[in-house]
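Novice: Based on these hints, arrange chain B on the given structure of chain A.
Just so you know, the sequences run in chain order A and B.
For what it's worth, the numbering used here labels the leading residue of the first sequence as 1, then goes sequentially.
For what it's worth, the numbering used here labels the leading residue of the second sequence as 1, then goes sequentially.
Zero decoy hints are in this set.
As a list, the in silico SDA-like pairs of lysine to any residue whose alpha-carbon atoms are at most 25 Å apart: (1) K104/A - F61/B; (2) K42/B - T72/A; (3) K42/B - H75/A; (4) K58/A - G96/B; (5) K49/A - S27/B; (6) K57/B - T5/A; (7) K78/B - G43/A; (8) K42/B - Y101/B; (9) K69/A - A54/A; (10) K69/A - E103/B; (11) K104/A - P79/A; (12) K42/B - I60/A; (13) K49/A - Y31/B; (14) K104/A - D86/B; (15) K49/A - S55/B; (16) K57/B - S27/A; (17) K49/A - Y39/A; (18) K42/B - S84/A; (19) K57/B - E85/B; (20) K104/A - H10/B; (21) K78/B - F65/B.
Counterexamples of contact, computed for chain B against chain A with all Cβ distances above 12 Å: (22) Q11; (23) P70; (24) E85.
Residues from chain B shown here face chain A by an in silico Cβ test under 8 Å; the list is partial: (25) Y31; (26) Y33; (27) K42; (28) S48; (29) F91; (30) Y101; (31) F106; (32) G107; (33) P108; (34) G109.
To be clear, the hints were calculated from the coordinates, so they are not data collected in a lab.
For glycine and all other residues, C-beta sits at the position ideal for the given N, C-alpha and C.
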Amino acid sequence: AQSVTQLGSHVSVSEGALVLLRCNYSSSVPPYLFWYVQYPNQGLQLLLKYTTGATLVKGINGFEAEFKKSETSFHLTKPSAHMSDAAEYFCAVSERNNRLAFGKGNQVVVIP
Amino acid sequence: EPEVTQTPSHQVTQMGQEVILRCVPISNHLYFYWYRQILGQKVEFLVSFYNNEISEKSEIFDDQFSVERPDGSNFTLKIRSTKLEDSAMYFCASSGGQGPYNEQFFGPGTRLTVL
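Pulled out of the complex, with its shape left as it was, chain A reads as follows:
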């Protein structure tokens, strides 16, 4: 069965510093991987996804993630944090169906 691990429920980052959120997955088949973001009082919004092809995936708002099969990872990065990046971030995996399996999420706090 597919699953996702996100460590560190709260992540603090200084404005302008690198944002790095780690995601490791387990899947019995080649996975499809996703990062979602949730701003206060809003729904989960897709940041980016990996299905097939290029392992470095670029998303909205300057975020990107790299699929590394050997490490079973799909870490999310952004070179320079903005105050507007304060939100909760969820990594998710899907196998061949519609079911998404999510990690616990990372609450990102941006320090001015």
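Specialist: Just chain B now, kept in the frame of chain A:
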């Protein structure tokens, strides 16, 4: 921009009562989903729905849960006899097609509190 909406934003109920959580998916979408997140835990898949039928459900989705598309716009989740452990944030989602190539669009959630 089209969006998924959910009502109410917060529902408080007594244990044993029935609750209905409502969702209005994006109008041209055909696939609908419910997920939930118990406080401090992962977002969990409950059920997917297509063509007026459940297409997949998780082990969580037992006989106390049901889903319905009563008209052309609403998609509901009913919990027949709520338990304390049903307290969670419930998210509705919809997509235009099946599978991971079709983005699931999520609503803002309904926070259910069972007392």
